[in-house]
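**Q** So the protein sequences, as listed, match chains A and B. For the first sequence, the working numbering assigns the number 1 to the initial residue and increments by one for each residue that follows. For the second sequence, the working numbering assigns the number 209 to the initial residue and increments by one for each residue that follows.
Hints are computed from structural coordinates only; laboratory data are not their basis. Please note that a few of the clues may not be correct.
Heads up, simulated DSS-like pairs for lysine-lysine below, C-alpha to C-alpha not over 30 Å straight-line [what the hints assert, rightly or not]:
no., chain 1, residue 1, chain 2, residue 2
1, A, LYS151, B, LYS326
2, B, LYS326, A, LYS118
3, A, LYS93, A, LYS2
Computed footprint of chain B on chain A, listed as stretches where at least three residues anywhere in the stretch have a Cβ under 8 Å from a Cβ of chain B [said to hold, decoys possible]:
no., segment
4, 29-37
5, 51-64
6, 67-74
7, 82-92
8, 137-150
Here are a few chain A residues that face chain B, going by a calculated C-beta distance under 7 Å [to be verified]:
no., residue
9, GLY40
10, MET41
11, PHE178
Note that the Cβ used here is the ideal one computed from N, Cα and C, for glycine as well.
Protein chains: 2
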Amino acid sequence: MKLQLALDTCNTEEALQIVGEVENSIDIVEIGTPMIIEYGMEPVRKVSEQYPNKLVIADTKIMDAGEFEADIAFNAGASIVSVMGITHDETIKGAVKAAKKANGKVLADMMCVTNLEKRAIELVELGVDYICVHTAHDVQATQSPFASLAKVQRSVGSERCAIAGGINEESINNVIEFKPEIVIVGNGITGQKNKAVAAKKISDILHD
Amino acid sequence: MKLQLALDTCNTEEALQIVGEVENSIDIVEIGTPMIIEYGMEPVRKVSEQYPNKLVIADTKIMDAGEFEADIAFNAGASIVSVMGITHDETIKGAVKAAKKANGKVLADMMCVTNLEKRAIELVELGVDYICVHTAHDVQATQSPFASLAKVQRSVGSERCAIAGGINEESINNVIEFKPEIVIVGNGITGQKNKAVAAKKISDILHD
Chain A
1 MKLQLALDTC NTEEALQIVG EVENSIDIVE IGTPMIIEYG MEPVRKVSEQ
51 YPNKLVIADT KIMDAGEFEA DIAFNAGASI VSVMGITHDE TIKGAVKAAK
101 KANGKVLADM MCVTNLEKRA IELVELGVDY ICVHTAHDVQ ATQSPFASLA
151 KVQRSVGSER CAIAGGINEE SINNVIEFKP EIVIVGNGIT GQKNKAVAAK
201 KISDILHD
Chain B
209 MKLQLALDTC NTEEALQIVG EVENSIDIVE IGTPMIIEYG MEPVRKVSEQ
259 YPNKLVIADT KIMDAGEFEA DIAFNAGASI VSVMGITHDE TIKGAVKAAK
309 KANGKVLADM MCVTNLEKRA IELVELGVDY ICVHTAHDVQ ATQSPFASLA
359 KVQRSVGSER CAIAGGINEE SINNVIEFKP EIVIVGNGIT GQKNKAVAAK
409 KISDILHD
């Protein structure tokens, strides 16, 4: 299991600093959608330059122009780009094509997908690497992702699974039995007083 | 009917230049998703500063964190932000809340929405200003938007309608009978030898 740190509410300088603090405990740095909306590819470029041993995912949430938009992120240094699992197959194929050119990977965010098992299988057949069960920030108060994670794990296997949305050092205990390849933590690290300690605790649980 | 120029494949300097060329014929400048992925809010900021009489829409295609992400775009000078119509109501409400604070507007992109009429009505009830029938770039070869436009126009009225995807000086003749409030043209202007002439032709058809 890999630990992915999601950075959503900071600027590029703060991102570089936070990654420095938790570097030893994380595997992947996510430049979140709000950061991309504000700063574009600048944080992707700088984090991937300064931390060449970390994978960087650009959470582009691509809905259209799959190859063109994924190209932008891969050219900026991303190792992984995200697409919305709900979008057109042609868009998914375009992002996969861009990933192949760049020797990168594609993560499909399953937000708003209703038939999870069926779509997960289709997406893997289209060449998607990771299927991300994602409880949207805006609905975390009312939705839990664990039943969805179980479904996706059964349909495409643990090694294709990623999980995001409200994961922290408590809720992670509901996640590890499914052994998802990628566990995405944002506020569970960035919102903690001592980020390094929080990241290490979560990393230790994942690698226990 | 308003003419919206969609800018997707240029950089900020080129955007400023193109807007200058077609200024007299267009009402709204769209900073497209690929530009936002590459440059963040820089083009939104610069175009809205340099052309204060034009409305600027940031095509953020928001899927989550509605208020937070819409705030970013409105704070950068956008008059309108886009959300995905398919996403959670909570996210739509967040974007609408941000719009109210900023005295801005919200456009919902209906890409991948299956029950167009029903969702259009729901979105308007949630406070969305415009319902955009959008044929994705990646499927323009196989899908036509005019039947969808007719449905949305019947359900929420012309003044709520926007249309995007492959509109040019020929296909626009299939659009005008529905009198959508916003007609979005990208390559139909930016891909033409003389952009000013192309924009004027389309504007003349809209205002005939």
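**Q** All the hints need checking, so say for each whether the structure fits it.
**A** Each hint, compared with the structure:
no.	hint	verdict
1	LYS151/A - LYS326/B	holds (29 Å)
2	LYS326/B - LYS118/A	holds (25 Å)
3	LYS93/A - LYS2/A	holds (25 Å)
4	29-37	holds (count 4)
5	51-64	holds (count 5)
6	67-74	holds (count 4)
7	82-92	holds (count 6)
8	137-150	holds (count 3)
9	GLY40	holds (3 Å)
10	MET41	holds (6 Å)
11	PHE178	violated (22 Å)
When each numbered hint is compared with the structure, a violation occurs for hint 11 only.
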